[in-house]
Structure formats: structure tokens, C-alpha cells
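Given chain A, put chains B and C in place with the hints provided.
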Amino acid sequence: MREYIIRRLLQVIPTVLLITLVVFAMMQAIPGDPLMALLGDAYDEEDAQLLRQEYGLDKPIISQYFIWLGKLVQGDWGESFISGRPVLQDVLIRLPVTAELIVLAMLVALLIAIPAGTIAALRQNTWGDYTAMSTALMGISIPDFFLGILLLLVFSVSFNGLLPSSGWVYLPGTCPSLICEASVWGNLKHVMMPAIALGVGRAAILTRLLRASLLEIIRMEYVTTARAKGLTEKLVILKHALKNALIPTVTIMGLQVGFMIGGAIVVETLFAIPGLGTYGINAIILRDYQQVQGFILLVAVCFVVVNVWVDLTYSLLDPRIRYNA
Amino acid sequence: MKLQVLNGATNGSAATAVIEPEAPVGRAGVPSESLLAQTARRLKRSYTALFGLGIVVLLVLVAIFADVLAPYDPVVNSMNEMFQAPNRTHWLGTDQFGRDMLSRIIHGSRVSLAVGLSSVLLAIFVGVPLGIIGGFYGGKADTLIMRAMDLILAFPVFLLAIIIMIMFTPTAGLLGAMKVIMAIGIVRIPIYARLVRGSVLSIKEKEYVEACHALGQHDPKILLRHILPNCMAPIIVTGTLSIATAIIVEASLSFLGLGTQPPTPSWGWDLKANVAWIQQTPWLALGPGFAIFITVLGFNLFGDGLRDALDPRLK
Amino acid sequence: MRNAHVLIRSFTILTLAVLLPGLVLAAEPKRGGTLRVAYGNKVSHLDFHTAPGYEMMWVAMNIGCGLVNITPDGQFVGDAATAWKLSDDALTWTFKLRDDAFFHDNTQVDAEAVKFSIDRIMDPETKSGMRRFYESVQSVEVVDPLTVKVHMKQPYAFFLHMLAGYRTGLVLYSPAATQAHSLKARKRGDPSAVIGCGPFRLVEWVPNNHLVMDRWEKYFKPGQPYVDRVLIRVIRDPIAQMVAFKTGEIDFIASFSPEHVQTIQAQVPEAQVLTGPETTPMVLRGKVTVPCDGKPDASMTNPRCPHPIFGDIRTRKALLCYGIDREEIVKVALRGLATPWVGMIPPGTMDTVDVNYMCPYDPDKAKTLLEELGYGPDNPLVTELTTDTEKAVFNAIATVVKDQLARLGVTVNIKLVDKVTWMNTGLKDGPWDMDVEDLLSLLTLDSNAYLTVTQSTWNQTRQTDVTVDEYFARYATEMDADKRRAIAKEFQEFMADKLYWNVVSGSPFFQIAQPWMKGYTFNSEFEVHYETVWLDR
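Chains as they are written, first to last, in my numbering: chain A, 1 to 325; chain B, 1001 to 1315; chain C, 2001 to 2537.
No lab work stands behind these hints: they were computed from the structure. Here the structure is a predicted model, which means the values were calculated and not measured. Check the hints yourself; a few may be wrong.
What the hints assert, rightly or not - Derived contacts from chain B toward chain A, CB cut-off under 10 Å, selection only: (1) ARG1045; (2) THR1048; (3) LEU1050; (4) TRP1091; (5) ASP1150; (6) LEU1153; (7) ALA1154; (8) LEU1159; (9) LEU1160; (10) ALA1161; (11) PHE1255; (12) ILE1278; (13) THR1295.
All C-beta atoms, glycine included, are put in the ideal place defined by N, C-alpha and C.
In isolation and in its complexed conformation, chain A is listed as follows (with noise of 0.2 Å):
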């Protein structure tokens, strides 16, 4: 098993490679000139040209992509060719704005689901259980971006500024530059309507999901034994029914952490917030190679690690999975 969990994290390393060097040469099939993003209105063909050389553009792909891989390994993420900001400090200014964005959306599904799956599946085929499937049918067929509007609308247009329609107000002590607002109201207020809006979708598969595996366990023989001594119906289900059906549940979870990458890119884009999902969607539009490679790669390394344990505690709980696989 331990041989099994090394050699699957060895694993991750040439797949990460592998999605930077696709990306790469994607990047690169882009049409379109980093330098013109880079001079825009003083763009002048010699002057670009003098620019390829310093940069290193005229130079075959493959090479460009060892002179970032070679620069990489000594722990130099590059510079954007536009900013000539070093990248993994700005990656690294963004990914806490992202990552509280994805921990609350999740924190906003599993409050939607826990309550709905497990009334849901208490109450099997009644009207609260057909109540909570449709609405989370509902919540898994609403664009999250549709949703964020509906939510502006609300909240921003009619109640007229009640939430903030876009920006950001970090939590404090997380602020990245010498001049910025903290403070947790603010943050909370700026983080609410966008939270949500990616939660939603989330909320509504894991509702299912832990619906199903609360059946599934409570016709299993052990609870029926728990009831027998005497405990009540209700803390048969918390006790044991919802702590098992929790497991495949997080797990899921997990899983989702991709989706709501993606995601995040277009609930960031609705409310401008300045996160990694902005971050890595500009450096595309503007050819910024560097920026984007420097995004991919946090990206795919943070969603190969997830898989990874996905994959790993999913195996622990299944015995079917092969780990020789």
C-alpha cells in the first residue's frame, strides 16, 4: 500500500510535465503575439523584433520550454513578458483569494447538503424528499454564472448596493501589498454572492449523492443493530448513517475541486475578483506564456494532488480498486 502511494505521487510529476508542455506548445498554436499585448498603441515590427530576441521567442518551442522547465528547477517561476512581475509571487497573491472562494462555495454545499440529503433520505418518497431532489435538480442544471447574475441582480442592483457587485477586501493579515482593505465583514461581503454561486451547483450533486448513501447504509444490517440497543432513530442516523455517508461524500468533494477551478474562472471573470481564475484567463488573452504557464502548472499540480488523494482514499474504502492498477 505505501509502495502504492509513492509510486502514485512519483506519478504526478511527469503528468504534471507533461500538462505544462502541452499547454505550452498550445499556447504557443495561440495566433497572436505576446508583443503586442506587450507594446499595444507603440507596437513598431523592429522594435518587436529586438523584443523576440531578448525574450528568447525566435527559438524553437522545445528549447523555449527547457529554458522554463531548467529555470523552474531552480525555483525561478519566470517573469511576465508584459509586467516583468515575477510569476510565482503573483501567483502566489492570488491563490489565497481562489482558494477561500472554493473553501466556501464547498462550506455553502455541504450546509445546503448535509441537512437536504439526510431529510431527503429520512423521509424517502415523500414530499420532502421529492422537494429536495428537484431542487437540487435545479441547482445542478443552473449555470453558476447565471446564477451569480440572478444574485447581482438581487443583491447589488435592486437592493441597491447591499452587496458588493465586485472587487475584493481581503481577510486581514492576508493582505498581500502595503495598501489594501482587510477586514472579515468586508471580505465576507465581497466573498458572500460569488461563494454561493459556485456552492449551489456543488450543494446539489453532494445532496444526491449523500441521499443515495444514506439508503444505501441504512439498510444495512449495523444500523438496525444500533437501533436495537436502544438508541433513538435520530441518533442512529447522525451517529453512524451520516458519519459513513460523509466519507464518499467529501470524497466527492474532491473531485470537485476541478470543476469549481473552472468555475471560479467565471464566477471571478462575473465579479471581478482579483483570484487566480482572472489571473490565468487574462495571461491567456494576452499571450503572457510565462503567466500562463506559471498558472497551469499550480493548477494542475493542486488538481493531480487532489485526484491523487481522491484516488488513494477511494481505494481505501473500496476494496475493488486494484492498486496495481
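What follows is chains B and C alone, placed relative to chain A:
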């Protein structure tokens, strides 16, 4: 199995975990009733599934007969009728160019449905053969295919679709829609490849395939006659639910300006374009938004029903 | 059109009505506070001599100082220079510098610094976008610490305009700080590397997010700046800008989308809406030539052939001149807030003339021309219109144009791309038929030169008529203002006739200020200065 179907329904960023499919195997030897008849019988009992099917059929009809149904041309501007509130002549109002919003939504169904259906079909047509080849022949081909699939899966799906779309350069019209179909289709290939490979692996061990070998049947024949029908059920279920996801991804791409480009009516783009006027004319953004929502809901309802009908254990 | 004019005029009056009391009251401005500004776009980097974009320029003007500035009515006022003189042969400019101007590293702004800065811009190694405007400059001579002479190769009528308001204008850099720090440090905005002599010094820049500048204690204009700090936030979306403005989170929107001006007025009636005559052209161009061998050739060294559609002037006349209804475009896409315009430079640019009579909307005439060219129901003209997503209004204009040309039986396919792709197509001689953009604001007709002369990278239509180059040369070297005006008129008529460059309207520029923001002088995109601003709250 649950794991994959669930992800199919939502994002496809499935785990790298390999879970043995169990569903189709058990039934393989006892084809008492045709799959179609069985499904139909079970579907009939589920009102929600029928409701979903109703929505889907209605949408398909709307898309096919858009030209007849839409009261106005969705792309012709009417400069004297800009930004009208919903009224008797324009039920959902008009946009910045005086275009009838209802007509745009009716025509927008074409892009959404076309992208939803075609991208899933593309993913199936590429993914299924890859899965069969990998599972049946094993060895180097299998390793190569599965590593490639892992690579695609190691990305957040939506991010990959974004990069592919920027690489393709989004455009309008049929070509534009085809690019979106490609982008969404490519990122979803691994779902089917893995699904089918798993099925193939377990069926391959079955004695009757070996028996076929012994009888001198050629590989392709075995594949087509015995293996494919056995993984049809999960493919159909996952496919239906995937259409819902594909429609959301298409709308999200359009929302970022990376989907089908205007003036081709597209719900995602119309939503994005009209969010700019949300303070004065919120109905313009709400129309396309709810159109996306209802369509996705329809496919999800139907997909859920299909899953229950085809294989109750998947529930 | 009448409506548009009335609207523009009322805005102008409103602007003046708002500004005049502001200027009167400016006699006793209040000190202190933070001015919170929203920019709709990010600052790309902070090496002012090479960075692109308005947002960077509006930072550069406040961190940097120059020799002269220009007022809204076209007068030059001293910045670090107190007096200037042009020799009789128009070949030598002499600038006298003030003795109390200091860079933010406490070194004095002297003749050496002026020479250093101009030399730096002119050095091809710097790759400055301003270099092209210094082509008439021979050399810079330090006469004494406070006197500097600029020797010209040939007379250049717009030298002061250029120093004041082309792109950033001249931004002086501290030689000591510039040499001590790397270009990278300056680009990424290390405060010790970005050393100017303007009213504010850089404190912090977080790309795509915010920029902070603090009051420079030793600024040479007495009492200025009035605010202690300027906080610039990047808020891209006009709706978000509006919400932030409405809730009082920001004091000033430096550039506001024209489509939403009516909304913000309705939402915040007390807001000051600042605007003036348009100084940026909204262009709808047709590509004039293509490489004969089909290989893109931005330097145009290989033979050029006429573009298959727009290479013929009759097509340009039919589609770009008579075939489009400029008033309708303005009404629908620009919500009536711009002036329909045919001339190559917009209504607010110096020496502009109204040549709208040359291209009246005349679909019948357009149809006749198209028939003459052999286009008709049997041989329909199908063409592509490229535009970018930077501003929603471009696509709106394209949509209206598509509709108008459809009335002539012409099919227009709109190709909407991101800004980088659009630039790539245009600047690298890629294939395109028509495009819509608003390019850059033009202080003078001369500042349009690099967008139109035959050999420029920015000559995106790839027109090859050297008459254009001659006009620009004559205009730039003519030192007599009246004669210059005459050349300008002739030139604008020539361009409206040849349609190498075609305008549909001006591109209006709006700034929105809170009622308590006082002392700001609106001068289009050219001068955005915060040192005179004070907060009355």
C-alpha cells in the same frame, strides 16, 4: 460506476481511480427483453423522466422549426424598436438593436442543442473506439491511449476548453459552432474511453468471448457483436447527462466571449451582452439565462430517468 | 444628428457649468484626503517610455513631469520649463528650466535630465513608442544646468504639442535612478526605480488591481497637490464602475463607457459628467492592398496588389462612403452621444474640417456603383468585417453596418476577435476586408501620421499612395498656422475622397466625477492630472 456517471453529469473531471464497472456484466447473458423495450417500459413509470423528455422533445422541435416559430428574424436589426420592454408585439422585449428577444432565444436553441448533442456524439465516436482498442488489445496501445486520456483528465475540463477555443479563434456561424463542438468534444473523450475500456476488460474475461475466439471469429466481429451492446447502457446514460453539461460549458464559453460569436444567436452570448444593461432592462439577460436553465434541466431530468430505467443500480 | 449635437452641446455646457465654479472655488482648495479613481483597464507596466495604453499614460502624467503641458483651449503652459523659444530658422528650441523642480529621489530636474530623457526615448534600444515623434530631432544640448537646447533636423510645427500631449508627452526621468535600476525593476513598478518629477510619487502597484501614488512634498507648484494620496483601482466592467460610484467607493471614473452615460446620470443625478468634442476617430476601414504573392509583408517591400474587394475605390465609395448611414450608427451603437463624421480626424482635433457633405448616405448611389463593379443578385458581394472585443461598442457598430450593407445586397460576416488577434492581423499584414476600431486619440492631424503613412507598421490598410506621406510632411513642417490649416483642409478632403482611412464618427470620451471632486480640468484623453484636484467633503 457511480463515480463516473456522477461526474459525467457534472464535469467529467473524473477521478483517476479505476472502478470496475459492474452494471452491464450481469445482464449480458440474459437478453430476455430488448434494451429499447425495457427502457421504454421503465421510463413510462417515471413522470419526472417523461417531463424531462417532454422538455427535450419540445426544444428539439423548437430548434428544428425555429424559422417558422420565431415571430421575427433574430439577426435583423430594427433601429426604431430598441430596448422595448416586453409587450404584445415583442413578448420578451427587444435588445440594443431592436431585435426581438423571443426570436433570438428560439433561434439560440439551435446553437445550444447542436453543440450539446454534437460534442457528446464526437466524444462518444472517438472515445468508444479508443476504449475498445485499449481494453481489448491491451499492451502498448492501451498504455498510450490511457496516458493520453489521463493527461486530458488531469486538467480542469473547462480550462482546457478555454485554451482550445482561444487556439481555434472563436468565430460566428456554423464554423464557429463546430469549433465549440470540437473543444467541448475533445475534453470529454476520456469519459467514454474509460467507461468502455472498463466494460471491455471485464467482458473480455467472459468465457463466451473466449468461445468466440475458439470458433474462429475475428476480433472486430466480437467487438461489435458482443462487447459494444454490453456497454450501451452506461454510454447512453452518461451521454444524455453529458449533453446537459456540454450546454452549460458552451454557455460559459460564450459568456467569456469564447463561444459562438455574434450575430449568430447564442444564449450564452446574449446573456453576456445583455448583462451590460441589467440595471435598466434586466429581462433581456433573464430570457437567455432561463432558456439555458430549462434546457439543462430537461436533459438532466431525462438523463436521470434513463439511468433509473436502464440500470436501477446506478441510482 | 441634430439631437446628437444638442446632446453633446448640453454635455459641454454642463461640463463648463460644473468646472467653472470649481475653478473659481479653487482659490481656496482643501488639503488632504485620498482621491479614489477607477480605471477601466489595467496598467501594463511602468516604464513610461515604452508602455502602451491610456491608463499607463494617466499614471505617467502624474508621476512624471515634462517640459510643457497643454490646456483645453490649446495653450501651452510650463511644467518643468518656465520659458521656451524657437529660433527664427525654426531649427533650435531653447528651454529654460525652473530651479525648484526635484525628482522623487531628491535630485534636481536639470538640463542633463532633459537630455538624458530625450536621448533615452530616441535610442532604438529603448524601443519607445514615442521615438517616431522625435524623428525631426537632431540632438539635445545642455547649455547650462537650467538651459537646454533641442536641435532639429527640419522644422517641426508640432514639437510642443508632441512634448505636451502625444501619448504620454515627454516624461522626464531621473538619470541617477534610471541608471541605478534595471529596466525590469521599472517595468514591474519598484517605487525606487520609477522616479519622476511629477506631483505624485509611486508607492505601490499591483497589476490588474490597484496603484497607489502619494503626494510629493517637494512638488514645484505651490500648495499642490491637494490630496495626500491617489488610489487607482482597476474596475473593468462599466456596471461595476457604476455600482462602486453610486455607493461612493470611488470619486472619479477616468474613462466611462458612453453607452452607460445615460444610466449613470439617471442613477446618480448629482454626478459630474465631463466630456468635450470627440478627439478619437471611430474608424471603419477597408484594406486597400494585399501582398501579390499572398505572403503577409508588413514592411511592404514586396510588390503590392489591390485588395480583391476594397482595392477598387468604387467599392470603398459604395460601402464605406455612401453605403453606411452614419447617423443611424451613432444613434443605435453610440446612443446618440457622438458626432457622425467623415473627415479623417475627429471633430475635437486641431484643424479638423467638416467634410460630411462628401459622403452623404446615398444607398442608390452605392447600389449603382456596386452594379458598375458587377456585383448584384447573381454575383453578390460577400465580405468580412473584423473587430475586437475591447469595447462592446465596436461590435455594436459592426452589427449596424452589417444591417445597412445588407440593404445594398452585400453580405457582411462579422469576425469578432480579441484585441491581440485584431492587432496581429492588422499589424502583420494578415488577411482582412474591413475593420472597426477607435484607435488613438489625436491631439493634431500630425499625430495621425504614424497610423496612415505608407511605410508605417500601423498603416493597417496598407495603402501605398505616397501623396499621403507628402501631405503629412508638408503639414508638419509648415510653420505658418494659416497655411497649415489650408493644407489640413485639402488633406482631409483628399482622404475623404480616396478613403484610405474612413471614419464613421467621433468616439466620445466621458469622465464621471463625484460632486465633491473639485478643481479637475477636463482635457480629453490628453491630460489627466490630479494635482489640482481637491475633495470638498
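Status of the hints after comparison with the structure:
This hint is violated: ARG1045/B has a C-beta 14 Å from the nearest C-beta of chain A, more than the 10 Å allowed. At about 8 Å, the closest approach between the beta carbon of THR1048/B and any beta carbon in chain A falls short of 10 Å, and the interface hint on this residue holds. Checking LEU1050/B against chain A: minimum C-beta separation of about 14 Å lies over 10 Å; hint violated. Taken as an interface hint, TRP1091/B does not check out: its beta carbon lies about 20 Å from the nearest beta carbon of chain A, beyond 10 Å.
Hint status for ASP1150/B: holds, given a least beta-carbon distance of 7 Å to chain A, under 10 Å. Contact between LEU1153/B and chain A, as hinted, is supported at the beta carbon level, the nearest pair being about 8 Å apart and thus within 10 Å. A hinted interface residue such as ALA1154/B counts as satisfied when its beta carbon comes closer than 10 Å to some beta carbon of chain A; here the least separation is about 5 Å, so the hint holds. Evaluation of the LEU1159/B hint against chain A yields a held restraint, the C-beta minimum of about 5 Å falling below 10 Å.
At its closest, the beta carbon of LEU1160/B sits 9 Å from a beta carbon of chain A; the interface hint therefore holds under the 10 Å criterion. Taking 10 Å as the C-beta contact cut-off toward chain A, the hint placing ALA1161/B at the interface holds, the least distance being around 8 Å. Because the beta carbon of PHE1255/B sits about 5 Å from the nearest beta carbon in chain A, less than 10 Å, this interface hint is met. Satisfaction of the interface hint for ILE1278/B is found here, the shortest Cβ-Cβ separation to chain A being roughly 6 Å, below the 10 Å cut-off.
Checking THR1295/B against chain A: minimum C-beta separation of about 8 Å stays under 10 Å; hint holds.
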